[in-house]
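Participant: Sequence:
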Amino acid sequence: IPFRAFVEVNESDALEQASQSKRRWEEGKSLGPLDGVPFAVKDNFNAVNYTTSYGTCFLADALGVQLQDCTPIARMKAAGAILVGKTGMHELGLGTLGTSSVAGPFRNPHNINAYCGGSSTGSAAVV
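Numbered by the UniProt record's numbering, the letters in the sequence shown go through residues 1 to 127 in order.
Hints in this document: simulated from the structure, not taken from any laboratory.
Glycine included, each C-beta is placed from N, C-alpha and C at the ideal position.
Be a bit skeptical, because a hint or two may be false.
[What the hints assert, rightly or not] No farther apart than 27 Å at their CA atoms in a straight line, the calculated lysine-lysine pairs in the BS3-like style are these:
(1) Lys-42 - Lys-22
(2) Lys-42 - Lys-77
(3) Lys-22 - Lys-77
(4) Lys-29 - Lys-77
[Stated by the list, open to error] Restraint-style ranges between C-beta atoms, simulated for each label pair:
(5) Gly-95 - Leu-31: 36 to 44 Å
(6) Leu-97 - Ser-30: 40 to 48 Å
(7) Pro-109 - Thr-71: 25 to 33 Å
(8) Ile-112 - Pro-33: 42 to 50 Å
(9) Lys-29 - Thr-96: 30 to 38 Å
(10) Gly-93 - Pro-38: 34 to 42 Å
(11) Gln-68 - Glu-16: 17 to 25 Å
(12) Cys-70 - Glu-11: 20 to 28 Å
(13) Leu-63 - Val-9: 13 to 21 Å
Working from the sequences, and respecting the hints, build out all of it.
Facilitator: Laid out in structure tokens, this is it:
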């Protein structure tokens, strides 16, 4: 089982955000200390152009791709932070092993035979 932490990454969007941040910094117009800082979010937060699944295929199909950012993500983006992707979570957040019907198990990056543990297992692996 390979190491994985993300369930979805929008590389082209992240690169575009990074390009915009770089330009702001070069022009002396940064949005503040978070401008250009990458971040990831657990798969129970809505983010534009990302599917919100709560770690389960049923909700991924029912909720689909989001058209609006939730408030915390909107605020991070307004400060110039770069959303890299959504991290895996235990299905519906109701477990400690980090298993999801969306992407399977999420493993510890230091030992793929171990779990990071908790419902935020993908986020833990990223950190």
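Participant: It remains to establish, for every hint, whether it holds in the given structure.
Facilitator: Each hint tested on the structure:
1. Lys-42 - Lys-22: holds, 26 Å
2. Lys-42 - Lys-77: holds, 16 Å
3. Lys-22 - Lys-77: At roughly 14 Å apart (the allowed maximum being 27 Å), Lys-77 and Lys-22 satisfy the hint.
4. Lys-29 - Lys-77: holds, 15 Å
5. Gly-95 - Leu-31: 36 to 44 Å: holds, 38 Å
6. Leu-97 - Ser-30: 40 to 48 Å: holds, 41 Å
7. Pro-109 - Thr-71: 25 to 33 Å: Holds, since Pro-109 and Thr-71 (Cβ atoms, about 30 Å apart) stay within the stated range.
8. Ile-112 - Pro-33: 42 to 50 Å: Given range 42 to 50 Å: violated, Cβ gap about 35 Å.
9. Lys-29 - Thr-96: 30 to 38 Å: violated, 45 Å
10. Gly-93 - Pro-38: 34 to 42 Å: violated, 24 Å
11. Gln-68 - Glu-16: 17 to 25 Å: Check passed, 19 Å falls within 17 to 25 Å.
12. Cys-70 - Glu-11: 20 to 28 Å: holds, 22 Å
13. Leu-63 - Val-9: 13 to 21 Å: Holds, since Leu-63 and Val-9 (Cβ atoms, about 18 Å apart) stay within the stated range.
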